[in-house]
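Number of protein chains: 2
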Amino acid sequence: MSLLVTGSIGIDTVKTPYGVSENCLGGSAVYFSMAASFFSPVRLVGVIGADCPFDLAKVFAGRNVDLAGLEVRPNSKTFRWAGSYHENMDDRTTDCLELNVLAEHPPTIPDSFRDSRFVFLANTTPKLQLELLDQIQSPLFVAADTMNCWIQNHLADLKMLLKRIDCLIINEDEAKLLSAEFNLIKAAQKVLDMGPGVVIIKKGQSGSITCDAKGHKFILPAYPTTEVTDPTGAGDSFAGATLGYLSQTGKTDFQTLKTAVAYGTVVASFTIADFSLHGLTSITRNDIDKRLETLQKLTRF
Amino acid sequence: MSLLVTGSIGIDTVKTPYGVSENCLGGSAVYFSMAASFFSPVRLVGVIGADCPFDLAKVFAGRNVDLAGLEVRPNSKTFRWAGSYHENMDDRTTDCLELNVLAEHPPTIPDSFRDSRFVFLANTTPKLQLELLDQIQSPLFVAADTMNCWIQNHLADLKMLLKRIDCLIINEDEAKLLSAEFNLIKAAQKVLDMGPGVVIIKKGQSGSITCDAKGHKFILPAYPTTEVTDPTGAGDSFAGATLGYLSQTGKTDFQTLKTAVAYGTVVASFTIADFSLHGLTSITRNDIDKRLETLQKLTRF
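So the protein sequences, as listed, match chains A and B.
For the first sequence, the positions run 1 to 301 when my numbering is used.
For the second sequence, the positions run 1001 to 1301 when my numbering is used.
These are computed hints drawn from the structure, not numbers from a lab.
Treat each hint with caution, since some may be false.
What the hints assert, rightly or not - Okay, derived cross-link-like pairs now, SDA-like style, lysine to any residue, Cα gap no bigger than 25 Å in a straight line:
no. : chain 1 : residue 1 : chain 2 : residue 2
1   : A       : Lys190    : B       : Lys1217
2   : B       : Lys1015   : A       : Phe182
3   : B       : Lys1217   : B       : Ala1273
4   : B       : Lys1176   : A       : Glu172
5   : A       : Lys186    : A       : Ser138
6   : B       : Lys1176   : A       : Asn171
7   : A       : Lys186    : B       : Ile1283
8   : B       : Lys1190   : B       : Leu1128
To be verified - Not everything, but these chain B residues come out facing chain A in the computed CB check (under 7 Å):
no. : residue
9   : Cys1096
10  : Asn1100
11  : Ala1156
12  : Asn1183
13  : Ile1185
14  : Ser1206
15  : Lys1217
16  : Ile1219
17  : Pro1221
18  : Lys1258
19  : Ala1262
20  : Thr1294
21  : Leu1298
22  : Thr1299
In this text, a Cβ means the ideal position worked out from N, Cα and C, and glycines have one as well.
Please put together the full structure from these sequences, using the hints given.
This is how it looks when you write it as structure tokens:
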């Protein structure tokens, strides 16, 4: 089925204990699209400035990513982010953040994208996520991400968004903040009470917890990899593969969602193996399927 | 088969956000024995002072825990610990620690216990763990726990111990400290290189990682419970059920070890549901088996 993502396209500079990657391609919509494209055609909606050094058509060549929703603004500058990961690879410091084109008016969703059935609203202000969602005619499954600053400062908008989406994908700290609960199972229930039928809580190196409003739960560890070079994009790749698999199957039942989350977990483990998109561009669907099988074996008893 | 544990018997005072439990029964050997007794007969080795208000024969009545190795020293005082858990239930502050009888000479292992096949050396100085181990004739599977202060200050002794045991059961921070590695899979490999054939890394609310020297791995999340009243004894209960199940089956292959670790996970989830031993004394083996089945369903995809 059709899968649409709205999110950022950025120029990243990333420092980790394993090296530095300067001015590389990043952004939530880019990681999401690359990960999702292993499973389903993707429709990308995002904006860049004239300074963007990357040819996205080339980046996604052969990958069935429709760039009709990519807007290039000639008088704007592309979003930039620079960050440094600490030695534990969990914590990071933002060294520089230039919103640039992201601080302007949002992109318009092309008419040809408005019939999209699966939708991912990557992290941005909840108000903007709502505006983007309003442009989709009759989505089947809408997932969204959010972050601490929107929970703290735009909670009313976020609560409106939560009533409109099917699935919230957030990390552990965000779930605790949003629910005011330390226990993640209780936190998940409180988030479900706010509206979405599904919540997926990402725990980084400790995997994820998926809960739905019918009481289903799925607890999955992270794929145990020793190859961790750059965690940037792990969360958006996770979301990309998860939604990508749902869109591939056209189903949203809990059994399908479990497999989707497992694919998300595995694809994220490839993302973090290298800087920028290299961990994803160097693999095939077959590599992903093999690692999924390994993850299954590693967790079965 | 025969399962022996050496460890502490203590008088605990525990504060958590859910209440206070004053002067209750605690200690590694006590939690271990109670958990293990659901699976196998247990031989307990430990010392208390004349002041100990608990009748351990009554505590373990009907549970097949042999107290021939319990030494009561008339002129000594029992080990005491007081701690407060923070709101996240992960971090805790030690409010008071009185080693008392634990600072004296160690207990002797009774002749009738020296043929034990499965052995757990609960946390104490590695030198003492070695002395205790020397008294066992021909153990089949020896597991041990340790902690930060022995890693930092008694590393030579600990390395000697690691060459003598089959399995080290430690928590995440201890594994990182011992291996000087942040990545837990790399950390596990480094610990295996120090001697034990198996290492189990406990990650609290995020489950555990089990690795052996043959390259087998098992990644299991924690049981997702909302009932968390007092985490004291979770680690020793985990070890108790794990070793208890191995002793019950008499096997130590990786497939059996996986089930054992799953039992450890489930029994620990009962321990933390209430103060002191109440979480364990209020359940049956049937409750444990049911929760094991649930854990299996929650993690399968």
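Determine which of the earlier numbered hints do not hold for this structure and return their numbers in increasing order.
Result: hints 1, 3, 5, 9, 10, 11, 20 break, sorted rising.
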